[in-house]
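Q: Following the hints, complete the assembly by docking chains B and C onto the known chain A.
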Amino acid sequence: MTVLSSQKTAHALRHFNICGSLWAIYGPNATAAGAIFSGLALIGGLAAACFTRCFGFIFLGEPRNEMRSPTLEVSALMRWPMVILAAACLAIGLTSPWSIRLTVPAIQCLISSDVPVEPLMLSARMLAGVAVVSAGLLVLAVIFYVIRRNLTRGKEERTEVTWDCGYARPTARMQYTASSFAQPLLDLFRVFLGTRHHGVSVQGFFPKHANHETETPDGAKEWLFAPLFRGIDRLVAPMRILQHGRIHLYVLYIALTLLTLLIWKAGFLR
Amino acid sequence: MANTIPILLVLSCIFLLGSSRLRVSIRMVAVQGLLLGVLPLLQGDALLRQEMWLFSLGSIAVKGIALPWLLLYVLQKMNIRREIEPLISFSASILIGIVLLGLSCWVALSPRLASGEISPVTLTAALYLVMTGLFLIVSRRKAITQTLGYLVMENGIYTIGVGIGNEFPFIVEMGVLLDVFVGIFLMGIMMFHIDREFDHIDTDRFTELSDRITTYESPAEWKEMKS
Amino acid sequence: MKTISCILPLSAWLLAPLMLGIINRIKAFFAGRQGQSVFQLYYDLAKLLKKGSVYSRTTSRVFRYVPSVVLSAMVLATLMIPWGGLPAPVSFAGDLILLAYLLGAARFAMVLAALDTGSSFEGMGASREVQFAALAEPSLFLGMVVLAIQTGHGGLSDIFASLTSASWQSAPALLFLVACSWMVLLLCENSRIPIDDPNTHLELTMIHEVMVLDYGGPDLGYMLYAAALKLWIFSALLVNLLVPSQLIGHWMQIPLFLVGMVIMATLVGVVESIMARLRLMQVPNLLIGAGALGAMVLILKLVG
Numbered sequence: 221m222t223v224l225s226s227q228k229t230a231h232a233l234r235h236f237n238i239c240g241s242l243w244a245i246y247g248p249n250a251t252a253a254g255a256i257f258s259g260l261a262l263i264g265g266l267a268a269a270c271f272t273r274c275f276g277f278i279f280l281g282e283p284r285n286e287m288r289s290p291t292l293e294v295s296a297l298m299r300w301p302m303v304i305l306a307a308a309c310l311a312i313g314l315t316s317p318w319s320i321r322l323t324v325p326a327i328q329c330l331i332s333s334d335v336p337v338e339p340l341m342l343s344a345r346m347l348a349g350v351a352v353v354s355a356g357l358l359v360l361a362v363i364f365y366v367i368r369r370n371l372t373r374g375k376e377e378r379t380e381v382t383w384d385c386g387y388a389r390p391t392a393r394m395q396y397t398a399s400s401f402a403q404p405l406l407d408l409f410r411v412f413l414g415t416r417h418h419g420v421s422v423q424g425f426f427p428k429h430a431n432h433e434t435e436t437p438d439g440a441k442e443w444l445f446a447p448l449f450r451g452i453d454r455l456v457a458p459m460r461i462l463q464h465g466r467i468h469l470y471v472l473y474i475a476l477t478l479l480t481l482l483i484w485k486a487g488f489l490r
Numbered sequence: 034m035a036n037t038i039p040i041l042l043v044l045s046c047i048f049l050l051g052s053s054r055l056r057v058s059i060r061m062v063a064v065q066g067l068l069l070g071v072l073p074l075l076q077g078d079a080l081l082r083q084e085m086w087l088f089s090l091g092s093i094a095v096k097g098i099a100l101p102w103l104l105l106y107v108l109q110k111m112n113i114r115r116e117i118e119p120l121i122s123f124s125a126s127i128l129i130g131i132v133l134l135g136l137s138c139w140v141a142l143s144p145r146l147a148s149g150e151i152s153p154v155t156l157t158a159a160l161y162l163v164m165t166g167l168f169l170i171v172s173r174r175k176a177i178t179q180t181l182g183y184l185v186m187e188n189g190i191y192t193i194g195v196g197i198g199n200e201f202p203f204i205v206e207m208g209v210l211l212d213v214f215v216g217i218f219l220m221g222i223m224m225f226h227i228d229r230e231f232d233h234i235d236t237d238r239f240t241e242l243s244d245r246i247t248t249y250e251s252p253a254e255w256k257e258m259k260s
Numbered sequence: 017m018k019t020i021s022c023i024l025p026l027s028a029w030l031l032a033p034l035m036l037g038i039i040n041r042i043k044a045f046f047a048g049r050q051g052q053s054v055f056q057l058y059y060d061l062a063k064l065l066k067k068g069s070v071y072s073r074t075t076s077r078v079f080r081y082v083p084s085v086v087l088s089a090m091v092l093a094t095l096m097i098p099w100g101g102l103p104a105p106v107s108f109a110g111d112l113i114l115l116a117y118l119l120g121a122a123r124f125a126m127v128l129a130a131l132d133t134g135s136s137f138e139g140m141g142a143s144r145e146v147q148f149a150a151l152a153e154p155s156l157f158l159g160m161v162v163l164a165i166q167t168g169h170g171g172l173s174d175i176f177a178s179l180t181s182a183s184w185q186s187a188p189a190l191l192f193l194v195a196c197s198w199m200v201l202l203l204c205e206n207s208r209i210p211i212d213d214p215n216t217h218l219e220l221t222m223i224h225e226v227m228v229l230d231y232g233g234p235d236l237g238y239m240l241y242a243a244a245l246k247l248w249i250f251s252a253l254l255v256n257l258l259v260p261s262q263l264i265g266h267w268m269q270i271p272l273f274l275v276g277m278v279i280m281a282t283l284v285g286v287v288e289s290i291m292a293r294l295r296l297m298q299v300p301n302l303l304i305g306a307g308a309l310g311a312m313v314l315i316l317k318l319v320g
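Residue numbers (the numbering used here), protein chains in the order written: chain A, 221 to 490; chain B, 34 to 260; chain C, 17 to 320.
What you were told as hints is all true, and nothing was included just to trick you.
Covered stretches of chain C, going by a simulated chain B footprint (3 or more residues, C-beta under 8 angstroms): (1) 186–198; (2) 296–304; (3) 312–318.
Note that these hints are calculated values from the structure, not bench results.
Just so it is clear, the structure is predicted and the values come from calculations on it, not from any experiment.
Beta carbons are placed, not taken as given, at the ideal position from N, Cα and C, and that holds for glycine.
One chain only, chain A, in its complex shape:
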C-alpha cells in the first residue's frame, strides 16, 4: 500500500512539475506547448489506468484461488524503509517550491552557463500553489473522515456480502481481474499491441465449457530485441568452437598470444 501510494504521489507530482515548468518556460504563446499538452493529457489518463490496474493486481477483493502456502506479512524492518521513502516522496512534493532549489547544483553540472533564474522562480511560484492545494487536500480529507466517524458514532455498522445482484452462487473467480479491467482501453490500441487470444468460445444454448485467455507480448522484446539478438547469435556462433573446456588448450592460447606479441614487438625493436 505504501509503495503504491508513494508511486502515485511521486508520479502525480512529477506530472504537476512537468506541466507547470513547461507552461512557465514556453508560455502560452508557444505552438509546441499545445501538442505536448494533449500528449500529456492522454498520458495522464493512461497513467491513472495503469496505477489502478496495479492496484487491482495486488489488492483484488477476494483471492481467486487457494495459495499453496499461506502469505505472511514481512517483518517490520522491511516495511519501515518503504514507509520512510513514501513519506520522503510526499515531503518533497509538499515542499516543492523549496526542494526544487535542491536540484539547482545538479542542473549546474549539466549546463555550463548559469542556471536561468526566471523560469525557476515561475515554476517555484506555481509549485507553491500546487503544494498548498495538495496539503489542503490531505487536511480536508482527514477533516471529512473525522466528521464521518462522528456522524456514524452510535449508529450500527454491519458487514455484508458485496452486492451481487441476487446471484445465487457467486465465486471469487467471477471478479473483475486486472486484465479484464484494462481490456477496453487496450482494445483501442490493439493495432500496436498485437494481443493474442486463445480459447474455446461459447457454443450452443446451454454451454458447458468455454475459456478465454489473452496474452499481450512485449512488442519491443518480440519484434526488435529478440530478432536482433538471434541475428547476433548466429553471427558469433562459429566462435563457440573455441570454448570447449579443455584447460591445456586454454593455456596454449595464452602462450601463443604471448609468443606472438613477443615476436611482433621484438621485430619492431630491431
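A: Same frame as chain A, but now just chains B and C:
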C-alpha cells in the same frame, strides 16, 4: 469572421472522416459545395461584381445541388447498403485526419508558399480538403465513397483557386467546374453498370478482373461453363 | 475583491444539488410527469447523513477512506473556479492543470474503491470509466490551451477575465467549437446520456453509478454531493466560456452567473431527454471526435 467558412470546411471534412452513413456523407459534401459557393463573395470587393454572383450561383447549383442529387439518385437506384465499410476504422480515420490537418497547417505556414493573396487559414482548409479527399479514396471500400473523395479533392483545388482571388481567370474556374460535373456523371453511370454486373460495388473485390481470354471448342461447352 | 470571490465557492457548495434537481425536473417534464422536487437531493443528503453504514466484508481500509478523499478533492476544485472578472480564491498560473488533476485524483480514488470490493459489476464500471476518462481528458486540455493562446494568460482566472466580447468577435467559430467539445466532456465526466444513463437500474449498463454501488449512509451522501459539485465545476467552465462578462459591474455578475448555471442545467436536461444512450462501443468514437474537435481548433488557432 472571414475565417469562418474555411473553419466550417475543415469541420465538414472531419465529419466526413468519421461518418458511417452514406446519405449523411453526401449531404455533408452538398453543404461543402454551398459553403464554397459563398466563399468567392467574401473575397474583397467581389460583392460588387456581377460575374462573381453568377459564378457563385453556378457553383452552388452544380456542387451544392446537382452533383449530390445525382449521387443520391444513384444510391437509391442501386439499393446498396447505406453504411460505409471502411478499411481503416472511424476513430483511426479521425486521428489520421488530425495529423493531416497538422501537416496542411505546417505546409500552409511555410514561408516559401506564402503568397500575399491567400490567407493561411484558407490555404490550410484547401490543402486539408485535398488530403481528406485522397484519404477517403484510399481508405473506403465502396465506389460511391471514392466518388465522394474525388469531389472533396476537387473542392479543395477550387478553394485554392478562389482564395487566390482576382488573379485566377474566371473562365478556368468554369472549365474546372464542367470537368467535375462530367466526371461525376460518368462515374455515376459506371457505378450503375458495375452494380448490375457484379451485384456489388466493393472495389476491393475487383481483383478478379483480368485479361485472360478463354477459348472454347463449341457453344455447348461455353454454355456449360456459364452455368 | 477577495470577499466577493468567496461568494463563488459558497454558492457552489450551497447550490450544486439544486442543479441536479433542475435536470431531473426537466427530464420529468419531457416525460409528462410531475417529477421529484427540485430540492430532492438536499432531502436525500440529510437522510443519508443520519444513517448508519453497511460495508462489504471484502473491502479494506481503502474503501472507508475514499469518500472523504473524493469530497475534499471536489471541494478544493470548486475553490479554483472563477467567474468572469472575479478571480477564484485559489488562482495561479497553470492552475488549470491542477484542476484537471484534482478531478483525476478523485476518479482514481473511486476506481480504487471499486476494485477493492471484488464485485464484477464495479470492476466493469471502473474499467469503462477509466477508458472514457482517458479519452476525454485531452478535450479539456486542448480547449484550455486554445483559450490560453487566445487570451495570452496562463491561469484560469486571468483567461476568463480576458475573454471578452472582442475575443468572441474575432474568433467566434473557434470558441464555439471549444464550447461544443467541452459540452461533450461535461456529459462524459458527469455520466449523463448519451454516455451513461444515471437512472438505469441494470448494473450491467451502469458506469458511474455502479462504482458507488456498495456505499451506504454518510459515505453515499459524500459521493452524491461530490458528483453534484463536479457537475457544477464543468458547468461553470462552460458558462465562463460562453458568456463574456466584461460589460457589467461586479455585483451584477453573480446573479448572471447563477442564471447561466440554471440555463446550463436546463440544457443538460434537454439533451438527456431528447437523446438515447449510445451503444457502448460507439462512445469512444464520440470522445475521440470531441478530442479531434479540440485538436482541430488548436491547429487552426496556430495558423491564424
